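Q: Given these sequences and hints, build the entire structure.
Just so we're aligned, residue 1 is where the sequence shown starts under full-length UniProt numbering, counting upward by one.
For the record, the hints were derived by calculation from the structure and aren't laboratory data. A couple of the hints might just be wrong.
What the hints assert, rightly or not - Here are the simulated DSS-like cross-link-like pairs (lysine-lysine), alpha carbons at most 27 Å apart as the crow flies:
| # | residue 1 | residue 2 |
| --- | --- | --- |
| 1 | Lys68 | Lys103 |
| 2 | Lys99 | Lys68 |
| 3 | Lys101 | Lys78 |
| 4 | Lys99 | Lys44 |
| 5 | Lys101 | Lys74 |
A quick note: this is a predicted structure, and the numbers were derived from the prediction, not measured.
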Amino acid sequence: METNRIGDEGLIAIATDCPNIQELVLIGVNPTSLSLTAIASNCKRLERLALCGSGTIGDTEFACIAAKCVALKKLCIKGCPISNVGLETLAWGCPNLAKIKVKKCKGVSGRSFVPCTFRRWSVSENSSNGNL
1 METNRIGDEG
11 LIAIATDCPN
21 IQELVLIGVN
31 PTSLSLTAIA
41 SNCKRLERLA
51 LCGSGTIGDT
61 EFACIAAKCV
71 ALKKLCIKGC
81 PISNVGLETL
91 AWGCPNLAKI
101 KVKKCKGVSG
111 RSFVPCTFRR
121 WSVSENSSNG
131 NL
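A: Put into structure tokens, the structure is as follows:
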């Protein structure tokens with residue numbers, strides 16, 4: 001079974017050695033707050049972020065992204081334990097976020113998309129739990 005080949009050390013190395021990275025796709029990776037904070041703090045030009053199938057990226061981690069990823073324009077979240085609270089934090093914290101795609105995040109319901117409308121996001125949701 002090949003899962004989580006890259007850990008915190010590898011993600012911190014990306015954050016340290018690739019500060020001009022504009023796109024990061026993490027599939028099946030389980031970063032901690034430590035590595036996500038490093039990425040959010042050091043990669044100031046990050047515009048596109050995809051987080052798929054991670055059991056460790058929840059509301060706390062999204063609060064860090066919202067506070068520090070000011071250049072973020074597109075975000076894809078799939079199968080992560082984020083809730084309405086985390087999504088609303090993104091709505092208020094990422095000034096340049098124009099498109100967000102949320103799939104199979106069981107903690108997210110239609111209620112969280114009120115601020116998204118205010119922010120004029122293009123929202124795509126394909127929920128497996130029927131909330132949207």
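Q: Now look at each hint and say whether the structure bears it out.
A: Verification of the supplied hints:
1. Lys68 - Lys103: OK: Lys68 and Lys103 at ~23 Å, within 27 Å.
2. Lys99 - Lys68: Holds, at roughly 17 Å.
3. Lys101 - Lys78: 8 Å, holds
4. Lys99 - Lys44: Status holds; Cα separation ~18 Å.
5. Lys101 - Lys74: Distance of about 8 Å is within 27 Å: holds.
Consistency with the previously given hints is maintained throughout, with no hint failing.
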